[in-house]
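K.L.:
Chain by chain, the residues:
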Amino acid sequence: NAGVTQTPKFQVLKTGQSMTLQCAQDMNHEYMSWYRQDPGMGLRLIHYSVGAGITDQGEVPNGYNVSRSTTEDFPLRLLSAAPSQTSVYFCASRNDRALFFGSGTQLSVL
Amino acid sequence: EDQVTQSPEALRLQEGESSSLNCSYTVSGLRGLFWYRQDPGKGPEFLFTLYSAGEEKEKERLKATLTKKESFLHITAPKPEDSATYLCAVQAAGTASKLTFGTGTRLQVTL
Numbered sequence: 004n005a006g007v008t009q010t011p012k013f014q015v016l017k018t019g020q021s022m023t024l025q026c027a028q029d030m031n032h033e034y035m036s037w038y039r040q041d042p043g044m045g046l047r048l049i050h051y052s053v054g055a056g057i058t059d060q061g062e063v064p065n066g067y068n069v070s071r072s073t074t075e076d077f078p079l080r081l082l083s084a085a086p087s088q089t090s091v092y093f094c095a096s097r098n099d100r101a102l103f104f105g106s107g108t109q110l111s112v113l
Numbered sequence: 055e056d057q058v059t060q061s062p063e064a065l066r067l068q069e070g071e072s073s074s075l076n077c078s079y080t081v082s083g084l085r086g087l088f089w090y091r092q093d094p095g096k097g098p099e100f101l102f103t104l105y106s107a108g109e110e111k112e113k114e115r116l117k118a119t120l121t122k123k124e125s126f127l128h129i130t131a132p133k134p135e136d137s138a139t140y141l142c143a144v145q146a147a148g149t150a151s152k153l154t155f156g157t158g159t160r161l162q163v164t165l
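Each protein sequence line maps, in turn, to chains A and B. Under this note's numbering, the letters of the first sequence match residues 4 to 113, in that order. Under this note's numbering, the letters of the second sequence match residues 55 to 165, in that order.
The shape of chain B in the complex, shown without the other chains (with noise of 0.2 Å):
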């Protein structure tokens, strides 16, 4: 069964202090593994895909990376408008679109 598993559970980060976010997951072949932001009261909105361990993507101040058995979103001198939860989500091979989320990370940020 594929699993994600996202920590911490809550960060709270002073603005400018950059951390990482971590997404740990086990499925069997990897097709994707997405990054999302969700605000609350609002639906997820999309970030990232990442498609093959070693692989990276950029965004202003965020930053996701793939390895065979994780991912990070690494945020960089972050803003208080960074302040929101981050969903990742796995897609296996042969699965038609569907996607595995973990519980997400809520992040936020403080002047």
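Here chain A stands alone, though its shape is the one from the complex (with noise of 0.2 Å):
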């Protein structure tokens, strides 16, 4: 049982570049969800899905998206990437009692 995985685990862009930050969980969770952690903030939610083919804003949604069409995956994308979003980042699937954090992606924009 690997948990929540994701990949890849440090990634640098150029400004303007695309990528996509992979997440799986192998929980059968239906919550997944994307939160960004910055120096002296607390995490931020970016995106969240409550199950396959249903996704949702979170708090910081602006320049992110996501899919899910399996239970499985949920992949976030940055379309045209910015300074702003040199972060890392934490995937996370939830059950009833708690969410579970994957190791993060460390993501410099330069």
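Some hints could be false.
Listed below are the simulated SDA-like cross-link pairs for lysine to any residue, each with C-alpha atoms no more than 25 Å apart in a straight line [claimed, not checked]:
# : chain 1 : residue 1 : chain 2 : residue 2
1 : B       : Lys123    : A       : Val53
2 : B       : Lys122    : A       : Arg47
3 : B       : Lys152    : A       : Val53
Partner residues are not named here, just some residues of chain B that face chain A (Cβ under 8 Å, in silico) [as the list claims (entries may be wrong)]:
# : residue
4 : Phe88
5 : Pro98
6 : Ser151
7 : Gly156
For the chain A half of the interface with chain B, some residues (derived, Cβ under 10 Å), not all of them [to be verified]:
#  : residue
8  : Lys12
9  : Ser36
10 : Gly45
11 : Tyr51
12 : Ala55
13 : Glu62
14 : Tyr67
15 : Leu102
16 : Phe103
17 : Gln109
Since the hints were derived computationally from the structure, they do not count as laboratory data. Quick reminder that beta carbons are idealized off the backbone N, C-alpha and C, glycines included.
With the hints as a guide, bring both chains together as one complex.
P.N.:
Put into structure tokens, the structure is as follows:
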């Protein structure tokens, strides 16, 4: 049981480039979400999904897209990266007890 | 708007020196309060969920308590391996599992 798996662990982008952060979970959780973590700030919700085919915006959705075609996968897309998107990104899935996080992707946008 | 404030920002303890971390919150109808541990370069690791005032949960040297305005994470006789950042989060009723996080308390336990 791997839990929540994120790839890549590190990524450097140039301003304007696009990329997809991958997230997969093997716990059959309906709820999945993406957070970003910045120094001096709490984790902030970007997008979330309550099941396949259903997504919604969180607190800081601008510049990010998501889709949920399967229960297992919830990729996060940056369409045109900006330096303000330099951050550590965490994917998480939830059962009825708590939210469980992946190990994170450290993204730098130059 | 839901808010979570954690104090202190940083805490340095000697091994065996017990202390408490504070999490003050304002939320429109608490559905759950969560404690996580985060090690450098890792994702947050779930510790406890508390649902109502008066509830307590324990795990090894950690004990979490909850009142209507705050939660405490008590650390009894800490060891160096307890060094980490401890995060508190709340979920408001009717928010589809959206958690609001505090900025954390960075704990260092020395020999």
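K.L.:
Against each hint, give a clear statement of whether it holds in the structure.
P.N.:
These are the hints, each one checked on the structure:
no., hint, in the structure
1, B:Lys123 <-> A:Val53, "29 Å, violated"
2, B:Lys122 <-> A:Arg47, "24 Å, holds"
3, B:Lys152 <-> A:Val53, "11 Å, holds"
4, Phe88, "6 Å, holds"
5, Pro98, "5 Å, holds"
6, Ser151, "5 Å, holds"
7, Gly156, "5 Å, holds"
8, Lys12, "9 Å, holds"
9, Ser36, "7 Å, holds"
10, Gly45, "4 Å, holds"
11, Tyr51, "7 Å, holds"
12, Ala55, "15 Å, violated"
13, Glu62, "8 Å, holds"
14, Tyr67, "16 Å, violated"
15, Leu102, "6 Å, holds"
16, Phe103, "6 Å, holds"
17, Gln109, "8 Å, holds"
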